[in-house]
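These protein sequences, in sequence, are chains Y and W.
Residue 450 in the working numbering sits at position 409 of the first sequence, with consecutive numbering throughout.
Residue 200 in the working numbering sits at position 159 of the second sequence, with consecutive numbering throughout.
Fair warning: there could be bad hints in the mix.
[As the list claims (entries may be wrong)] What follows is a list of derived Cβ distance ranges for each label pair:
{"id": "1", "chain 1": "Y", "residue 1": "197", "chain 2": "W", "residue 2": "258", "range": "56 to 62 Å"}
{"id": "2", "chain 1": "W", "residue 1": "50", "chain 2": "Y", "residue 2": "162", "range": "23 to 29 Å"}
{"id": "3", "chain 1": "Y", "residue 1": "162", "chain 2": "W", "residue 2": "368", "range": "43 to 49 Å"}
{"id": "4", "chain 1": "Y", "residue 1": "215", "chain 2": "W", "residue 2": "54", "range": "43 to 49 Å"}
In short, the hints are calculated from the structure, not lab data.
For glycine and all other residues, C-beta sits at the position ideal for the given N, C-alpha and C.
Listed here are the chains, written in short residue letters.
Protein chains: 2
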Amino acid sequence: MGDITELHGRRNKILGAGSPLFYSKPLHLVRGEGVSLFDAEGRRYTDMYNNVASVGHCHPHVVEAISRQVATLNVHSRYLHEGIVEYAERLMGRHHDGIECAILTCSGTEANEVALLMARQATNGRGIICTNAAYHGNSAAVRALTRLSTEVISKTAEVRAVSFPDTYRFVGDDPCSYYLEELDQTIQSFRRDNVPFAGMLVCSIFANEGLPNVPKEYLSKAAEIVHAAGGLLICDEVQSGLCRTGKWWGYQDMGVLPDIVTMGKPIGAGVPLAGVAASGELVEKFRSETRYFNTFAASPLQAAAGNAVLDVIENEGIQSSVLAVGEKLLCDLQEIQPQFEQMGDVRGVGLFIGIEWVLDQTTKEPDVEGAMKMVEALKEKGFLISHAGAHRNMLKIRPPLVFQHTDSAAFLEAFNETLRELYG
Amino acid sequence: MGDITELHGRRNKILGAGSPLFYSKPLHLVRGEGVSLFDAEGRRYTDMYNNVASVGHCHPHVVEAISRQVATLNVHSRYLHEGIVEYAERLMGRHHDGIECAILTCSGTEANEVALLMARQATNGRGIICTNAAYHGNSAAVRALTRLSTEVISKTAEVRAVSFPDTYRFVGDDPCSYYLEELDQTIQSFRRDNVPFAGMLVCSIFANEGLPNVPKEYLSKAAEIVHAAGGLLICDEVQSGLCRTGKWWGYQDMGVLPDIVTMGKPIGAGVPLAGVAASGELVEKFRSETRYFNTFAASPLQAAAGNAVLDVIENEGIQSSVLAVGEKLLCDLQEIQPQFEQMGDVRGVGLFIGIEWVLDQTTKEPDVEGAMKMVEALKEKGFLISHAGAHRNMLKIRPPLVFQHTDSAAFLEAFNETLRELYG
Numbered sequence: 042m043g044d045i046t047e048l049h050g051r052r053n054k055i056l057g058a059g060s061p062l063f064y065s066k067p068l069h070l071v072r073g074e075g076v077s078l079f080d081a082e083g084r085r086y087t088d089m090y091n092n093v094a095s096v097g098h099c100h101p102h103v104v105e106a107i108s109r110q111v112a113t114l115n116v117h118s119r120y121l122h123e124g125i126v127e128y129a130e131r132l133m134g135r136h137h138d139g140i141e142c143a144i145l146t147c148s149g150t151e152a153n154e155v156a157l158l159m160a161r162q163a164t165n166g167r168g169i170i171c172t173n174a175a176y177h178g179n180s181a182a183v184r185a186l187t188r189l190s191t192e193v194i195s196k197t198a199e200v201r202a203v204s205f206p207d208t209y210r211f212v213g214d215d216p217c218s219y220y221l222e223e224l225d226q227t228i229q230s231f232r233r234d235n236v237p238f239a240g241m242l243v244c245s246i247f248a249n250e251g252l253p254n255v256p257k258e259y260l261s262k263a264a265e266i267v268h269a270a271g272g273l274l275i276c277d278e279v280q281s282g283l284c285r286t287g288k289w290w291g292y293q294d295m296g297v298l299p300d301i302v303t304m305g306k307p308i309g310a311g312v313p314l315a316g317v318a319a320s321g322e323l324v325e326k327f328r329s330e331t332r333y334f335n336t337f338a339a340s341p342l343q344a345a346a347g348n349a350v351l352d353v354i355e356n357e358g359i360q361s362s363v364l365a366v367g368e369k370l371l372c373d374l375q376e377i378q379p380q381f382e383q384m385g386d387v388r389g390v391g392l393f394i395g396i397e398w399v400l401d402q403t404t405k406e407p408d409v410e411g412a413m414k415m416v417e418a419l420k421e422k423g424f425l426i427s428h429a430g431a432h433r434n435m436l437k438i439r440p441p442l443v444f445q446h447t448d449s450a451a452f453l454e455a456f457n458e459t460l461r462e463l464y465g
Numbered sequence: 042m043g044d045i046t047e048l049h050g051r052r053n054k055i056l057g058a059g060s061p062l063f064y065s066k067p068l069h070l071v072r073g074e075g076v077s078l079f080d081a082e083g084r085r086y087t088d089m090y091n092n093v094a095s096v097g098h099c100h101p102h103v104v105e106a107i108s109r110q111v112a113t114l115n116v117h118s119r120y121l122h123e124g125i126v127e128y129a130e131r132l133m134g135r136h137h138d139g140i141e142c143a144i145l146t147c148s149g150t151e152a153n154e155v156a157l158l159m160a161r162q163a164t165n166g167r168g169i170i171c172t173n174a175a176y177h178g179n180s181a182a183v184r185a186l187t188r189l190s191t192e193v194i195s196k197t198a199e200v201r202a203v204s205f206p207d208t209y210r211f212v213g214d215d216p217c218s219y220y221l222e223e224l225d226q227t228i229q230s231f232r233r234d235n236v237p238f239a240g241m242l243v244c245s246i247f248a249n250e251g252l253p254n255v256p257k258e259y260l261s262k263a264a265e266i267v268h269a270a271g272g273l274l275i276c277d278e279v280q281s282g283l284c285r286t287g288k289w290w291g292y293q294d295m296g297v298l299p300d301i302v303t304m305g306k307p308i309g310a311g312v313p314l315a316g317v318a319a320s321g322e323l324v325e326k327f328r329s330e331t332r333y334f335n336t337f338a339a340s341p342l343q344a345a346a347g348n349a350v351l352d353v354i355e356n357e358g359i360q361s362s363v364l365a366v367g368e369k370l371l372c373d374l375q376e377i378q379p380q381f382e383q384m385g386d387v388r389g390v391g392l393f394i395g396i397e398w399v400l401d402q403t404t405k406e407p408d409v410e411g412a413m414k415m416v417e418a419l420k421e422k423g424f425l426i427s428h429a430g431a432h433r434n435m436l437k438i439r440p441p442l443v444f445q446h447t448d449s450a451a452f453l454e455a456f457n458e459t460l461r462e463l464y465g
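One chain only, chain Y, in its complex shape:
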């Protein structure tokens, strides 16, 4: 443990003590393989948090593709390169017909920067709507969409928030109409204040908001409202995309066809890779008006990593496995729920499951402390999860997509044991 203390101290000094770390006693990781992560003392953990390594840590096919490419060629995108064209073609082939053309970037932040500008250029608008518990990245323009209050405090505000569809806490009969009405009101507030409307940017499954059970028609009807007001719908697929939900994209779960999609996290297996896609018309307009260029993006390295990830998903039955393992895990957790007052709501899709930790199932009062205790206790038992959501009280269970039934069974045992120990 002396090593950890020393390393932690050096890290505080050179990266800043404010550089975020998980867990009260941070993990010193040295190796990864499949759903396993190993610390410096050789202890194995089951990773149930990381979505970047979605095809598993250090997948041999991905490792081989990256290694081969960096030994062959890695340059910027102002030369022709087969790999990057092939990658963009394969990626576009997985989207709905209106998504034809891609702009690659290095991060989800950069992708959302492009998406916002693209929507504003295409509509000659400025007004963007996000949700009140959103996170889409860390640049100035994108950070403006982070956990914004629904209260509009300035008539010139170009970003305004609507409440996310929080069906767990909604009181009333018709959450869908309620939340759509709020969207409509917010668009009208832009009109009233002479801020021309550009569009709505949301995570397709509202992951940071807490992965709510979204009313079936909410997003498709929201798209209609946005379109009727002259805006575009941008779906942020950074968390929901690439088979996380068991479908290729979260927007397919929601039954909606976005105008612009942004992608990131899992698509490069840890090589910084993200992107924006839209119709050819939208992309060409953006390109001609900005001459967008990104030094590290659309590189042979990004292409090699991206193509290798697609290979694994296509060749290893990932999609059906996600559906089967995810559904079983969700059902098993829902079965436990009635026994524990703390498990306010168990919900999710594919291999993305959230459990709202509450003090009381009737009042639904969020229990952040309890959620954090569960996270720490499960880590001690060798299972890595986190907590998130609008109230930060949701256990966030999001393993690599190669997570299997056996991993799930082991987790359930540890989960039950932890519950008994903490609440037994």
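Based on the hints, put chain W in the right spot on chain Y.
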């Protein structure tokens, strides 16, 4: 050539025809090694443009380090990891004493986003000064610094430009005082308009501006003026850093100690890696106010690539080679200059050389078309350069740092030959 046409067509369709490409007949590259790039037909080119592969394309030590790391572990930065701490320590060890602490990002754009916010937080200011021919990245906040007019068109403008120190075209006796006076006036314009001043962001060697011969004391005196007004000096080392100039950082050539530095391009050898560094105080303030986190940054992969690049620079005598080869090439080009009216000015530092292409050495009228012809003709002879600068008429010669005297001699022969063919 049928393959190139087909690939180009597919690229236009899937990435957009507006996705930038070099050369009237684009290059289809398939392999790189050292300073050599090879096209699909096996033709070899000497790379005299790429600064990302600064230690040479596909350097075996870098390839091995990246391959080993992706096979071992690659996760986000909220776990302890030896590699990233070591990398930040080594990088900080190369900076002046006031630069103590680093924040890693995926791109120069992201690094400059952080730097702008850091300066604004630290000073409680908003006003940023850049030059009138700058480029620091492609996000909304950073793009606002791109080729901005020196004319202030709005009293609320938070970004204002000063003329870059263009000593080649300056008419008068004392360019240094002239340009400093303009800086002072611009700071006063912020004061007059009640826009609190935050600082100045410049490329240490004004690379995009055209790599001017900066008056010896310009930047150190600019720093004094900026500091006296309560602002911070941010040096963008994305192009000038990591021994490009023969010194570790361009600011060392300029004799100035910046408060914040940003780094990018060469530091990861093509793995998207960039960063910001400043005093511990500035970084901690930024971290505590933003809880900045970047999914792909400060990863074991970035660390492996970054450390390997530092290894090569330290172990292979890169720095002294850059100085020797760069100086000889500059002298050789300056020797040719008097024979050709088109070579308006030959200048540079280390392995970064610019030649202003002009119609007439007296009027100094920029000859963009001529510069483009030189670029195309040299490509046909197997040498890859580009054109840039405030007037886009500067031949931009910026080979990987492993460029040798023999490469230089071969280039000079081709350069002379091209001049004779085009202007002979």
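Taking each numbered hint in turn, which are not upheld by the structure, reported in ascending numerical order?
1
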